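Engineer: With numbering that gives the first Met the number 0 applied, the sequence shown covers 0 to 408.
No lab work stands behind these hints, which were simulated from the structure alone.
A quick note: this is a predicted structure, and the numbers were derived from the prediction, not measured.
Treat the hints loosely; a few may be bogus.
As the list claims (entries may be wrong) - Cut-off 30 Å, straight-line C-alpha distance, at most; resulting in silico cross-link-like pairs (DSBU-like, lysine-lysine):
(1) LYS4 <-> LYS372
(2) LYS79 <-> LYS34
(3) LYS381 <-> LYS170
(4) LYS137 <-> LYS79
(5) LYS372 <-> LYS331
(6) LYS338 <-> LYS381
(7) LYS338 <-> LYS372
(8) LYS126 <-> LYS216
(9) LYS33 <-> LYS100
(10) LYS381 <-> LYS358
Stated by the list, open to error - Pairwise CB distance ranges (calculated):
(11) LEU38 <-> GLU149: 38 to 44 Å
(12) TYR252 <-> THR174: 16 to 22 Å
(13) ASP18 <-> ALA122: 44 to 50 Å
(14) TRP113 <-> CYS302: 38 to 44 Å
(15) ARG361 <-> GLY108: 47 to 53 Å
(16) LEU189 <-> ALA26: 41 to 47 Å
(17) GLN94 <-> CYS302: 29 to 35 Å
(18) GLN78 <-> GLN39: 26 to 32 Å
(19) LYS331 <-> TYR359: 17 to 23 Å
(20) LYS126 <-> ASP253: 43 to 49 Å
(21) SER111 <-> LEU38: 36 to 42 Å
(22) GLN158 <-> LYS331: 47 to 53 Å
(23) TRP113 <-> ASN373: 43 to 49 Å
(24) PRO249 <-> ASP117: 50 to 56 Å
C-beta atoms are modelled at their ideal positions from N, C-alpha and C, and glycine is treated no differently.
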Amino acid sequence: MISQKDREILRDLAKRVADIAGLPIMAQRRESWKKHHGLQRVRPMLLVFPERSWIELVPEESLTCRDEAARGYERSLRQKIYYHENIFDDTVIEQTFIVPKAISNTGWGLESQWTASDSAAGAGTFKPVIESQEDLKKLKFPKVIHDEAESMRRLQEAQDLFGDILDVRLKGIRTVSFHMMNIYTHLRGLERVMMDMYEEPEMLHEAMSFLEQGYHKLIDQYVDMNLLSLNDDDAWIYPGGNGYSGELPPAGYDPAHILPRDMWATAEAQELTIVSPEMTYEFAIQYEKRLLERFGISVYGCCEDITRKLNYVFEIANLRQVNISPFADVDKCAENFRKDIIFSWKPHPSALVGDFDEKYIRENIRHALDVTKNLVMEIVLKDTHTCENHPERFTRWTRIAREVIEEYS
0 MISQKDREIL RDLAKRVADI AGLPIMAQRR ESWKKHHGLQ RVRPMLLVFP
50 ERSWIELVPE ESLTCRDEAA RGYERSLRQK IYYHENIFDD TVIEQTFIVP
100 KAISNTGWGL ESQWTASDSA AGAGTFKPVI ESQEDLKKLK FPKVIHDEAE
150 SMRRLQEAQD LFGDILDVRL KGIRTVSFHM MNIYTHLRGL ERVMMDMYEE
200 PEMLHEAMSF LEQGYHKLID QYVDMNLLSL NDDDAWIYPG GNGYSGELPP
250 AGYDPAHILP RDMWATAEAQ ELTIVSPEMT YEFAIQYEKR LLERFGISVY
300 GCCEDITRKL NYVFEIANLR QVNISPFADV DKCAENFRKD IIFSWKPHPS
350 ALVGDFDEKY IRENIRHALD VTKNLVMEIV LKDTHTCENH PERFTRWTRI
400 AREVIEEYS
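Turn these sequences into a full structure, and let the hints steer you where they fit.
Structural biologist: Okay, here's the thing in structure tokens:
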């Protein structure tokens, strides 16, 4: 049970979040995102995701609740408040408090094997569990499990804590993303997968076909069990974005039974960065394409460099956004980019570590805005593993980005 003292702490934080959510700027940002995702060039939009750096921005020792469950709530609420008070991007703080349903699955039949390092910070040793094509028979399609009792327990707990302050909502699957190559390389091994493209292409195609079927079956189960929830709001759209949209869900949708066509979905193949465009399409994109096109709007890419692969990515029929990683050639991508797709640029997060070079940050952002001036463009700072215990760097980086954006608005 959460103690009375912890309840008071959480309720005070919830009231602060509710106050922030009610500010006019939040409604303005929400509308700007809808226009932006509708391909109107409002201005370059800006998002910042501290990710692993949250432990430096809202450290564990700053939490005041005693109960572990209460600390989880507290962490979430304090992060929302921190965004408003210290990170001045276009994040929308909503008055909703999302309670995720207790959804899991049985996995793919095999699990990756690692031998941990003797050093706490050392690298582990990977052991392949798929040695031959015969081992593919050990793979199984995931079976979805929904613990309805646990879902209701979570909902009741949150409603009891601050249901009179925040709009507590129970939600199912909102983030839909496909990672076939990631799954398979963790079972087969990255080097072996690279060799299989030449020596065992039939085996690799068999594996990708199985994983595609498995993902289709996974989505079908979500539909049959009514576990999908709309993501046209502040839902996290992999690998870094939100889902605000004036197009989703489409007219005539059934709010009591959400379908893939009502939602955003994403895919990536980061492991194939150094692979040719033709082979990336052959062994990844063609499989991902069929999955993505079941959905209303799709996004492609994450940390991989897809500079040379854009033409293949553009074959995805419902594509709305492409992620241009820190490793991509921004100039070439912009030169070959389409105006009916959002150019989601990820600046390098290393700017937050070492010497915080404000001149470089400003010039880097300005250059990206220069070459994308005729495109619908957004800036997303993510993969921020550390700020070296300088939380103020997030604030300063965002202010610099905002200042440069204002020059192009």
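Engineer: Which numbered conditions among the earlier hints are violated in the structure presented, ordered from lowest to highest?
Structural biologist: When the structure is compared with the hints, numbers 1, 4, 14 turn out to be violated.
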